[in-house]
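Asks: Chains as they are written, first to last, in my numbering: chain R, 272 to 463; chain S, -12 to 232.
Hints in this document: simulated from the structure, not taken from any laboratory.
All figures in this text were calculated on a predicted structure; none of them were measured in a lab.
Glycine included, each C-beta is placed from N, C-alpha and C at the ideal position.
Check each hint, because a few of them may be wrong.
[Claimed, not checked] Derived DEER-like restraints, expressed as beta-carbon distance ranges:
id, chain 1, residue 1, chain 2, residue 2, range
1, S, Gln221, R, Arg294, 21 to 29 Å
2, R, Gln297, S, Ala163, 37 to 45 Å
3, R, Asn293, S, Ala160, 20 to 28 Å
4, R, Gly341, S, Ala26, 18 to 26 Å
5, S, Cys21, R, Asp295, 29 to 37 Å
6, R, Gln297, S, Arg19, 33 to 41 Å
7, S, Ala160, R, Gly341, 20 to 28 Å
8, S, Thr(-11), R, Thr429, 20 to 28 Å
9, S, Thr188, R, Glu416, 22 to 30 Å
10, R, Gly341, S, Gln23, 21 to 29 Å
11, S, Asp7, R, Glu455, 54 to 62 Å
12, S, Glu12, R, Glu301, 37 to 45 Å
13, R, Gln413, S, Ala163, 16 to 24 Å
14, S, Ser204, R, Gln292, 38 to 46 Å
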Amino acid sequence: MLPLLFAVLSAGDGDLLVRLQNRDPQALAELYDRYGRMVYSLIVRMVEDRAIAEDLVQETFLRVWNRVAGFDSEQGAVGPWLMAVARNRAIDYVRYRGRRPERGFEFTETENPALFADPRDHRAQIDTLNQLRSALGKLNQQQREAIELAYFEGMSQTEIAERMRQPLGTVKTWMRRALQQMREHLEGGVPA
Amino acid sequence: MTCDELRPDYLPFALGVLDDPERSELRAHLARQCDQCLAGVREANRLAFAMAGSVPALDPPRRLRGRVLAAAGIVPEPRWHWRTAWQAALATALAAFAVVLFQTNQTEVEMAALRQQVERSGIEASRLREAVSLLQSPDMREVHFGDGKPVPPRGRVFYDSSRVLLIASNLPAPPAGKTYEMWIIPKGGKPAPAGLFSSNTQGGALHMFRLPSGAVSGTDTVAVTLEAAAGADQPTTQPLIVVPL
């Protein structure tokens, strides 16, 4: 789906954000047209049920529509925030379905759009994605599995350790090294 | 902890996997607008965004766009073609069937709520199909609420092993910026969000929520509260509707 991401980023979000904040109904339609496929694909991957995914997509866009006023439109991209909200909704569902205990913490960071601002130009964002694609391919199997359990199933590092039957410290080390590797790629080889 | 000590934690934090005490430390830095940590977490969130791009692309069903817009109170401009016409006709037929099915004991307001949904059939077709499917289910069970109370809302909850349908009437108009949120409360557990919905001008509402197969059997109560328009993760007001299943 990375080509789709590139296309999304190429379009830019600045004007769209302003119109969303002005409660322009057409802007919400455009937001869906731009990101709906990404949001739906991510949620289906996480909940593995297309009917449920439809409900969660609806909740995702409604939450963003109602909270977009808090976003700094000068700084940019609504996409990362929108996808974080989508992931959060899907994780809540996955944990509920699995009768797993509630997260020891709520992923309330999605309630703070400022953490998802991106003042860089679209070319820089696309470069980041290219670097990431390369970095993801270089992770070893254990690193990749740990990150996927975190990202797609919302597992804490403790839960990942239990699932992978490894000491917690080992999982933390895998993840930090994996994420450091990815960051080094994103920073052009400068160690984190 | 210093910012440099927290730096390896930015990405686990963005992925939502960072445990305490590091998480609390980092949140404290963010709360006091620490420039280094804010920049680091923003960068990490961009990485998480890119992770979303690693999943196979799927096309959402065409009806979903209309559902999303309708949930925000936006009615898209009609784009008539054979598929839309077919969907509208099907939705109308299904909704009419639902009305007939329950006409012997459906209150006027409940029927008005259903008719309101029919008028928006092009948008709500999938939800109505699901509602009718539930009503036809041999496993469907029904609970009344609000009967005999001086200040309703009143209505019914229909459910089977994986779906809950709320049909309510006499709902007070929500204040500006507020909406209704349904909750599924498991036995001995905390309320779980079960979707936002609005009422029509007559105070009627129809809300459908799906759960994993079998999950409803572990549900003790369905409740409805008034929440901020964006919804809440836990109820913040006293429930207007409480329905033990």
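Asks: Quick one: which hint numbers does this structure break? Sort them smallest to largest.
Replies: 2, 9, 11 and 13
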